[in-house]
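As they're listed, the protein sequences go chains A and B. When you read off a place in the first sequence, starting at 1, and then add 282, the result is the number in the working numbering. When you read off a place in the second sequence, starting at 1, and then add 282, the result is the number in the working numbering.
The hints are simulated quantities; they were obtained by calculation from the structure and are not laboratory data. Predicted, not measured: the structure shown is a model, and the values here were computed from it. Yeah, the Cβ is synthetic: ideal placement off N, Cα and C, and Gly gets one too. Incorrect hints may have been included.
[Said to hold, decoys possible] Below, a list of computed lysine to aspartate or glutamate pairs in the DMTMM-like style, where the Cα atoms sit at most 20 angstroms apart:
hint : chain 1 : residue 1 : chain 2 : residue 2
1    : B       : K307      : B       : E367
2    : A       : K307      : B       : E399
3    : B       : K360      : A       : E309
4    : A       : K360      : B       : E420
5    : B       : K360      : A       : E477
[As the list claims (entries may be wrong)] So, partial list: chain B residues that the calculated Cβ filter (under 10 angstroms) puts toward chain A:
hint : residue
6    : A461
7    : A463
8    : L491
9    : Q495
Number of protein chains: 2
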Amino acid sequence: MATDFSQKGLCGTIVCMVTGERRMKIERVISGRLKGLACVCENFEKPHNAAAILRTCEALGILNVYIVEEDVPFEPAKGVTQGAEKWVILHRFRRAERAIAALKEAGYEIYAAVPREGSLSLEELPADRPLALAFGAEATGLSEKLMSACAGTFRIPMWGFSQSLNVSVAAAIALYHCARARRRYLGREGDLSSEELSALRARYLELSLPPSQRPRDGTH
Amino acid sequence: MATDFSQKGLCGTIVCMVTGERRMKIERVISGRLKGLACVCENFEKPHNAAAILRTCEALGILNVYIVEEDVPFEPAKGVTQGAEKWVILHRFRRAERAIAALKEAGYEIYAAVPREGSLSLEELPADRPLALAFGAEATGLSEKLMSACAGTFRIPMWGFSQSLNVSVAAAIALYHCARARRRYLGREGDLSSEELSALRARYLELSLPPSQRPRDGTH
Chain A
283 MATDFSQKGL CGTIVCMVTG ERRMKIERVI SGRLKGLACV CENFEKPHNA
333 AAILRTCEAL GILNVYIVEE DVPFEPAKGV TQGAEKWVIL HRFRRAERAI
383 AALKEAGYEI YAAVPREGSL SLEELPADRP LALAFGAEAT GLSEKLMSAC
433 AGTFRIPMWG FSQSLNVSVA AAIALYHCAR ARRRYLGREG DLSSEELSAL
483 RARYLELSLP PSQRPRDGTH
Chain B
283 MATDFSQKGL CGTIVCMVTG ERRMKIERVI SGRLKGLACV CENFEKPHNA
333 AAILRTCEAL GILNVYIVEE DVPFEPAKGV TQGAEKWVIL HRFRRAERAI
383 AALKEAGYEI YAAVPREGSL SLEELPADRP LALAFGAEAT GLSEKLMSAC
433 AGTFRIPMWG FSQSLNVSVA AAIALYHCAR ARRRYLGREG DLSSEELSAL
483 RARYLELSLP PSQRPRDGTH
């Protein structure tokens, strides 16, 4: 499974420009990054939901977020993300077919969040393979195209009169549970290869500098 | 531990006015209601966070929600709750001291959500006793009064640059995890006594009627 950040080498100049404390933070973060669990957001209509999901993914160590904006552009509310969009890898697609192809190419089995009888319980989702959890538009759910590409559907167990949750809440519960299950299965916090760690380290070091101090592409 | 809904007997007239399907739904919901896990919301500023938490509690089967509105009135966004406020028991307090006294009287051990080093991990919270999880204002957190009444603080394990989550997201993850742990500990879905079940059944039957058809207090 490949993440699509570019394989830049670590740049000595940048390392010197970033404080030791920040470098330690970067090491801690990259060592906990999971590529074996991805999040897919399709046609989200509410900017605060889009923003909350990015913030949740970043905080839980989920590296790859796939965005399908075939019907609705993905516009996370700025104040709510708290900069999370910098630290996850956003794969944006105008057409669902392209997103599906990219997810399959990257080795993910896709499961759709569908709160209805017959869906697997969240607890039944497999932890032994790379999963992508897909969440659809607040009112209408996932498109038929995305649904037909899924290995299955899942639901969060519920005990109330309400049979659904806010999408950013549902995503948080599902991603937290699956990230925990995946880490337990792997027996470690993160799952990046040493090459991927190097590339992500370089990316985060660069992003830790103010934009005016970042090297332009090709200068290192 | 007492819930404070009134101990009304089941009213035959109301039962006849509610469809069989609705009655089955009510039975399913009350059998999964947990009193051994409560949620405390203090001085929430954003109506959509207040609303999302009520909806989450209802869906997860958490019956008792304690509201402290000493500094800020609790005003959940109407469209977002989807009616959840009808199906949980809201205990509203203008002063934190009163809320604390009520929580202790009801037998809860209070744990405060505080995303910092030194807090217990969510996974370390006890499942063998009634817990109340307390969440504070979005910007400033919990008041000193509430903090000093807590048995401890807890945090959600995080792997990102961000060291906090949106409060409604944090509450959802924590309540889902603790409700699951509590149900596993108890070995059953709900924990109401037969008296409490009767009272809650009567309450839900009544609330299932349109307001114009509900008996006024004292008429049954």
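Results of checking the hints against the structure:
no., hint, verdict
1, K307/B x E367/B, "holds (17 angstroms)"
2, K307/A x E399/B, "holds (14 angstroms)"
3, K360/B x E309/A, "violated (44 angstroms)"
4, K360/A x E420/B, "holds (16 angstroms)"
5, K360/B x E477/A, "violated (49 angstroms)"
6, A461, "holds (8 angstroms)"
7, A463, "violated (12 angstroms)"
8, L491, "violated (14 angstroms)"
9, Q495, "violated (18 angstroms)"
Of the numbered hints given earlier, the model fails hints 3, 5, 7, 8, 9; all others are met.
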